[in-house]
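J.: Please build the complete structure, drawing on both the sequences and the hints.
Under our numbering, think of the first position of the sequence shown as 2, with each following residue one higher.
The set of hints was computed from the structure by calculation and includes no laboratory data.
Backbone N, C-alpha and C define an ideal beta-carbon position, used for all residues, glycine too.
Do not take every clue at face value.
[Stated by the list, open to error] Taking CB as the label site, the calculated pair distances span:
{"no.": "1", "residue 1": "D165", "residue 2": "P122", "range": "29 to 37 Å"}
{"no.": "2", "residue 1": "F41", "residue 2": "W119", "range": "51 to 59 Å"}
{"no.": "3", "residue 1": "P122", "residue 2": "V36", "range": "52 to 60 Å"}
{"no.": "4", "residue 1": "K127", "residue 2": "R167", "range": "24 to 32 Å"}
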Amino acid sequence: MSKSKGTTMGLTNRSGFPRRTNDTTRLIITALLGVIFGFFIGVSFPSDSLSKINFPSGFRSRYDSASIDARRSNTGEPENRESYNIPKIYVPTNPRGAESLPPGIVEAETDLYLRRLWGEPSEDLKKKPKYLVSFTVGWNQRHNIDAAVRKFSDEFTIVLFHYDGRATEWDVFEWSKTAIHISVKRQTKWWYAKRFLHPDVIASYEYIFIWDEDLGVEHFNADK
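T.: Given below as structure tokens:
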């Protein structure tokens, strides 16, 4: 009896090892088949159709970044973050005014140098003026102001503070088109100066002149 039991137990132990080996082999083969099947599914799935699927925003941004990096590595395109981040605007589908801003219009520090928002590059300042002169004016003093402004060269930035609110009428003078006009009714010249001629704003000028509109300029030479 004891011999037969020992024989039976030995057979049981020997038969259990091949069964575990077969299970492990079957699991490995199943995993490999799953990987191969998934690979072929991924290759056959068109990448363009991914854009039609509404992924969560976080996943979509990671996918877009990965796609961009993959295209760069495949084409050998040098990485240029500054040029790549510049927004491209398709002009025919956007209204006038939606174009990119002219280069150089954004500055790190505030100043009074004019910068073109639209138009031709030839309209930009040829050079930055070294001096600034301001006038507190009303339309009735236009002839005195015109005579005074003509004494100043293009080395001067002209600023007109309009206390009567009539700023557009000054366009009859050619120099007015490049002057800076600030219109607030019934204020004094020092009120304008303290608010619009801040030291940080006018720091780039060598000299600042706050001009009285009734000063005679018959013998005045601004360059001297």
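J.: Take the hints in turn and mark each one as holding or not.
T.: Results for each hint:
1. D165 x P122: 29 to 37 Å: 35 Å, holds
2. F41 x W119: 51 to 59 Å: Cβ of F41 to Cβ of W119: about 55 Å, so the range 51 to 59 Å holds.
3. P122 x V36: 52 to 60 Å: 59 Å, holds
4. K127 x R167: 24 to 32 Å: 30 Å, holds
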